[in-house]
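**Q** Residue-level listing of the chains:
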Amino acid sequence: MNSAVVVFPGINRERDMARTLKLVSGSEPAMVWHAETALPSGTDLVVIPGGFSYGDYLRCGAIAARSPIMDAVRAFAGQGGLVLGVCNGFQILCESGLLPGVLMRNQALKFICRDVYLRVERSDTPFTRGYNAGQVVRVPVAHGEGNYIADGETIARLEGEGRVLFRYAAPDGMIDPNWNHNGAINAIAGILNDRGNVLGMMPHPENHVEPSMGPTDGRGLFAGLVDHLARAA
Amino acid sequence: MTSNEPKITPELVAEHGLRPEEYQRILDLIGREPSFTELGIFSAMWNEHCSYKSSKIHLRGLPTKAPWVIQGPGENAGVIDIGDGLAVVFKMESHNHPSYIEPYQGAATGVGGILRDVFTMGARPIACLNALSFGDPNHPKTRHLVSGVVAGVGGYGNSFGVPTVGGQVRFHTRYDGNNLVNAMAVGLAETDKIFYAAASGVGMPIVYLGSKTGRDGIHGASMASAEFGEGAEEKRPTVQVGDPFSEKLLLEACLEIMAKDCVIAIQDMGAAGLTCSAVEMGAKGDLGVELELDKVPCRETGMSAYEMMLSESQERMLMVLKPEKEAEAEAIFRKWGLDFAIVGYTTPSKRFVVKHGGVVMVDLPIKELGDEAPVYNRPFSDPPKRPVLKAESVRPPMALADALERLIGSPDLCSKRWVWEQYDHVILGNTVQRPGGDSAVVRVNDGPKALALTVDVTPRYCEADPFEGGKQAVAEAWRNLTAVGAKPLAITDNLNFGNPEKPEIMGQFVGCIRGIAAACKALDFPVVSGNVSLYNETQGRGILPTPSIGGVGVLDDFTGSASLAFKAEGEAILLVGETVGWLGQSMYLREICKREDGAPPPVDLTEERENGDFVRALIAGKTATAVHDLSDGGLLVALAEMAMASGIGAKLDAGPVDTPAHAFWFGEDQARYLLTVKASDAEKVMAQGRAAGLQVHQIGMTGGQALALPGERAILIKALAERFEQWLPMYMAAGAA
Numbered sequence: 016m017n018s019a020v021v022v023f024p025g026i027n028r029e030r031d032m033a034r035t036l037k038l039v040s041g042s043e044p045a046m047v048w049h050a051e052t053a054l055p056s057g058t059d060l061v062v063i064p065g066g067f068s069y070g071d072y073l074r075c076g077a078i079a080a081r082s083p084i085m086d087a088v089r090a091f092a093g094q095g096g097l098v099l100g101v102c103n104g105f106q107i108l109c110e111s112g113l114l115p116g117v118l119m120r121n122q123a124l125k126f127i128c129r130d131v132y133l134r135v136e137r138s139d140t141p142f143t144r145g146y147n148a149g150q151v152v153r154v155p156v157a158h159g160e161g162n163y164i165a166d167g168e169t170i171a172r173l174e175g176e177g178r179v180l181f182r183y184a185a186p187d188g189m190i191d192p193n194w195n196h197n198g199a200i201n202a203i204a205g206i207l208n209d210r211g212n213v214l215g216m217m218p219h220p221e222n223h224v225e226p227s228m229g230p231t232d233g234r235g236l237f238a239g240l241v242d243h244l245a246r247a248a
Numbered sequence: 003m004t005s006n007e008p009k010i011t012p013e014l015v016a017e018h019g020l021r022p023e024e025y026q027r028i029l030d031l032i033g034r035e036p037s038f039t040e041l042g043i044f045s046a047m048w049n050e051h052c053s054y055k056s057s058k059i060h061l062r063g064l065p066t067k068a069p070w071v072i073q074g075p076g077e078n079a080g081v082i083d084i085g086d087g088l089a090v091v092f093k094m095e096s097h098n099h100p101s102y103i104e105p106y107q108g109a110a111t112g113v114g115g116i117l118r119d120v121f122t123m124g125a126r127p128i129a130c131l132n133a134l135s136f137g138d139p140n141h142p143k144t145r146h147l148v149s150g151v152v153a154g155v156g157g158y159g160n161s162f163g164v165p166t167v168g169g170q171v172r173f174h175t176r177y178d179g180n181n182l183v184n185a186m187a188v189g190l191a192e193t194d195k196i197f198y199a200a201a202s203g204v205g206m207p208i209v210y211l212g213s214k215t216g217r218d219g220i221h222g223a224s225m226a227s228a229e230f231g232e233g234a235e236e237k238r239p240t241v242q243v244g245d246p247f248s249e250k251l252l253l254e255a256c257l258e259i260m261a262k263d264c265v266i267a268i269q270d271m272g273a274a275g276l277t278c279s280a281v282e283m284g285a286k287g288d289l290g291v292e293l294e295l296d297k298v299p300c301r302e303t304g305m306s307a308y309e310m311m312l313s314e315s316q317e318r319m320l321m322v323l324k325p326e327k328e329a330e331a332e333a334i335f336r337k338w339g340l341d342f343a344i345v346g347y348t349t350p351s352k353r354f355v356v357k358h359g360g361v362v363m364v365d366l367p368i369k370e371l372g373d374e375a376p377v378y379n380r381p382f383s384d385p386p387k388r389p390v391l392k393a394e395s396v397r398p399p400m401a402l403a404d405a406l407e408r409l410i411g412s413p414d415l416c417s418k419r420w421v422w423e424q425y426d427h428v429i430l431g432n433t434v435q436r437p438g439g440d441s442a443v444v445r446v447n448d449g450p451k452a453l454a455l456t457v458d459v460t461p462r463y464c465e466a467d468p469f470e471g472g473k474q475a476v477a478e479a480w481r482n483l484t485a486v487g488a489k490p491l492a493i494t495d496n497l498n499f500g501n502p503e504k505p506e507i508m509g510q511f512v513g514c515i516r517g518i519a520a521a522c523k524a525l526d527f528p529v530v531s532g533n534v535s536l537y538n539e540t541q542g543r544g545i546l547p548t549p550s551i552g553g554v555g556v557l558d559d560f561t562g563s564a565s566l567a568f569k570a571e572g573e574a575i576l577l578v579g580e581t582v583g584w585l586g587q588s589m590y591l592r593e594i595c596k597r598e599d600g601a602p603p604p605v606d607l608t609e610e611r612e613n614g615d616f617v618r619a620l621i622a623g624k625t626a627t628a629v630h631d632l633s634d635g636g637l638l639v640a641l642a643e644m645a646m647a648s649g650i651g652a653k654l655d656a657g658p659v660d661t662p663a664h665a666f667w668f669g670e671d672q673a674r675y676l677l678t679v680k681a682s683d684a685e686k687v688m689a690q691g692r693a694a695g696l697q698v699h700q701i702g703m704t705g706g707q708a709l710a711l712p713g714e715r716a717i718l719i720k721a722l723a724e725r726f727e728q729w730l731p732m733y734m735a736a737g738a739a
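These protein sequence lines map, in sequence, to chains A and B. Quick note on the numbering used here: the first sequence kicks off at 16 and runs consecutively. Quick note on the numbering used here: the second sequence kicks off at 3 and runs consecutively.
The hints are simulated quantities; they were obtained by calculation from the structure and are not laboratory data. Careful: at least some of the hints might be erroneous.
Unchecked claim - Quick list of simulated restraints, FRET-style, between CB atoms: (1) A/Gly188 / B/Glu330: 53 to 63 Å; (2) B/Arg715 / A/Asn201: 36 to 46 Å; (3) B/Pro731 / A/Arg74: 27 to 37 Å; (4) B/Gly649 / A/Glu176: 34 to 44 Å.
For every residue, glycine included, the Cβ atom is placed at its ideal position computed from N, Cα and C.
From just these sequences and the hints, can you work out the full model?
**A** And the structure:
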């Protein structure tokens with residue numbers, strides 16, 4: 016798997032992401048600075064990691080979405096290339112028009128870092144083939160602005176087309192406002208674009224991959240991608 | 003010198019916090035009247051915060067050496083060797099006064115400042131901790147301060163990208179006008195790539211790096227060197243504004259130029275900004291420094307030399323560059339979008355010369371600026387010894403079960419989840435043990451080596467007996483590290499006290515330092531960095547003496563670290579250490595009996611060491627399945643914490659007949675640990691303890707869903723956990739209503 020991790024000034028989970036990609040796929044990702052205008056040739060997967068691009072001093076992700084490299088990312092996605100945005104990466108994908116909707120401040124108006132439970136809604140996508148539909152996975156979140164919202168029509172389309180891949184849930188998989196820490200509409204934690212090749216999600220699967228460190232539920236996402244790309248090749 | 007600077011008058015001198023005799027010292031030193039800018043520089047260099055003039059002679063008594071110490075106090079941070087060519091760089095520093103005036107920015111820049119201290123030395127920060135002390139929860143400002151400080155600590159660390167893995171939060175009315183924010187940063191470097199502040203070589207370029215200079219923070223260090231009176235809030239303009247985004251860029255750029263071997267010396271601009279950093283680099287290298295202020299990147303126009311020299315704008319560094327590397331270093335800084343300007347050169351003159359607009363504004367002897375700062379041996383008086391409180395004299399006002407429920411839901415003992423969930427504690431993917439345990443455990447690179455990190459102090463003990471309290475703070479930090487299985491290596495101390503000009507406050511300070519020194523020596527646990535914060539007084543009332551101790555230990559294999567949660571039902575619970583039932587200064591006495599008196603528990607350092615070594619060996623041998631050190635609240639509170647962390651209860655045996663039950667279960671005798679072992683191992687472990695001359699006794703078995711004490715109602719773990727988690731969120735929510 017040839018992955019590329021895009022690094023904007025202020026991104027800070029690029030090392031976590033690179034380590035996980037290496038661990039699961041066996042190959043080092045290319046680190047691509049935001050000022051570049053092209054992705055390395057042969058890239059299979061573009062990852063936009065978490066952090067605070069440009070300090071998030073403007074709307075989260077708004078400045079990064081206008082960086083030179085994003086034209087290349089848009090073109091890559093337009094050709095069906097796989098793009099994963101996590102946390103700030105999700106915000107950047109929304110701001111760049113690759114995904115609909117927006118991430119508002121958490122309902123409680125505070126940054127929250129904790130393990131949450133996600134219900135995997137589908138397993139027939141490149142991003143979730145490592146899981147079973149309905150499976151509950153435990154992964155951490157760490158964000159102040161993860162409260163997903165879009166207009167009613169967009170939400171209806173996302174739901175109707177099965178593009179919500181992850182929802183915040185109770186450990187038993189029930190959707191429950193007490194287990195939706197940021198107040199996202201329909202407990203949405205991660206969504207796909209209409210073509211099914213771009214995923215944005217708030218939680219950090221890359222932080223739960225090593226057995227010696229604790230839970231490993233995040234691994235399935237990356238293992239599934241490796242598997243998908245191996246079969247496609 | 004220019005004529006448009008204000009004339010020096012006694013009033014102006016006093017406004018700069020300099021006493022008449024200190025001003026006379028300046029006149030004697032330079033043989034003329036200083037310019038206005040020079041006066042500002044003296045005031046910045048000679049205030050308490052920068053000069054340690056009241057504390058210096060006492061700090062010399064602290065043990066600072068061990069075979070694993072690479073750098074002790076005196077640099078930006080301490081450095082210790084953890085083997086494999088790796089070094090840990092760490093320090094703790096206070097940002098108390100700014101955090102009271104402007105809680106969010108005060109706390110944020112406290113975190114920013116300590117991170118800079120660590121990466122200035124070439125280390126990548128891998129963890130932060132903090133110790134926060136707030137006033138009485140019922141004080142009208144407390145909620146606002148908690149909310150702002152916690153958001154500020156998180157706001158900076160989360161954005162910078164370092165996990166905040168541990169800390170302390172306490173409340174006491176004595177912090178009403180003076181909350182404490184002590185921030186600790188820990189970084190990792192290679193032992194042969196540590197960078198220092200001392201300049202070398204004449205004619206070397208001095209480079210200004212990072213953010214631009216503004217008018218913020220002028221006189222911040224002087225503010226930190228005076229008591230608060232009424233109207234402290236009016237000092238808000240002296241608080242700096244933090245920019246974690248710039249700091250993250252500065253980190254990456256600094257580590258990159260260091261890796262490219264461009265740097266001779268480097269120093270962050272912290273307190274007293276450009277002044278302190280330039281003087282320190284020159285003085286430590288036996289060189290002069292000449293600065294050209296017209297080259298300094300400024301955020302606003304028309305800044306005077308005085309303002310530029312005293313600005314405490316954040317996220318700035320000063321560096322002595324290898325001249326042949328200039329282009330390479332500049333390209334790296336430009337890539338990260340940061341300012342890079344050559345603002346001066348090292349000179350052979352040993353003078354500190356500052357030019358602005360072609361005029362010499364400052365011309366001072368550089369070494370004397372630091373070395374000749376006044377040093378005071380202030381009078382101090384030992385506080386009267388408090389009588390030892392006999393356990394029999396304390397009548398228990400309620401049943402043990404009720405007292406436990408009340409204690410576990412009290413402000414100091416309740417869960418601090420509301421706080422640490424606002425800190426990203428998992429970023430970098432190396433957090434093995436998250437907040438809430440005895441120590442955080444953070445993996446080093448890809449392991450198996452790991453660091454154990456903790457912050458601790460018990461201010462009420464320090465108040466009652468500074469010497470024992472100082473000992474206890476170090477012993478407890480050592481115990482916290484031991485309880486996860488780490489070998490304790492070194493500490494950083496952050497000494498927060500009141501006005502040193504009062505003999506009784508100075509007595510607290512001197513007593514605590516002596517206690518710290520005694521414990522460091524007995525436990526081979528040297529001080530490698532630290533910070534002193536005095537004048538923590540408002541309207542004449544000082545804080546509780548609070549010498550926060552940040553401890554660092556090492557584990558050879560993080561997968562073998564111990565945690566406090568019970569692991570299984572049917573395991574034996576062992577108590578290591580002697581329990582006499584010491585209630586003086588205990589949480590039980592304060593929260594249940596509403597008394598704060600008596601002598602604090604004494605610390606037997608030999609026992610401390612023997613018990614700790616015994617427990618550490620049981621962890622290393624994988625015999626101990628869960629471990630928790632005993633501290634605030636004593637035995638029953640510790641048991642409750644182990645039970646709540648696991649959801650597994652315990653059936654407990656009756657305490658000894660000759661000790662009152664409430665003293666046995668809630669006394670705060672020191673040097674104690676609780677651990678669980680397989681039932682079949684219990685006899686063997688107790689025999690080992692006896693053979694070593696230690697007190698190791700079984701006090702019960704794990705199991706069930708309650709803590710079951712003989713003759714008491716069962717205490718359900720679930721109900722206890724609800725109380726534990728409830729207080730802080732409810733308290734904070736009440737303010738929002």
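**Q** Go ahead and decide if the range 27 to 37 Å is satisfied by the Cβ distance of proline 731 of chain B to arginine 74 of chain A.
**A** Check passed, 29 Å falls within 27 to 37 Å.
**Q** Can you let me know if the beta-carbon spacing of glycine 188 of chain A and glutamate 330 of chain B is within 53 to 63 Å?
**A** holds (55 Å)
**Q** Evaluate the given range 36 to 46 Å for the C-beta pair formed by arginine 715 of chain B and asparagine 201 of chain A.
**A** For arginine 715 of chain B and asparagine 201 of chain A the Cβ distance comes to about 45 Å; the hint holds.
**Q** Do glycine 649 of chain B and glutamate 176 of chain A keep their Cβ atoms within the hinted range of 34 to 44 Å?
**A** holds (41 Å)
Consistency note: the structure conflicts with none of the earlier hints.
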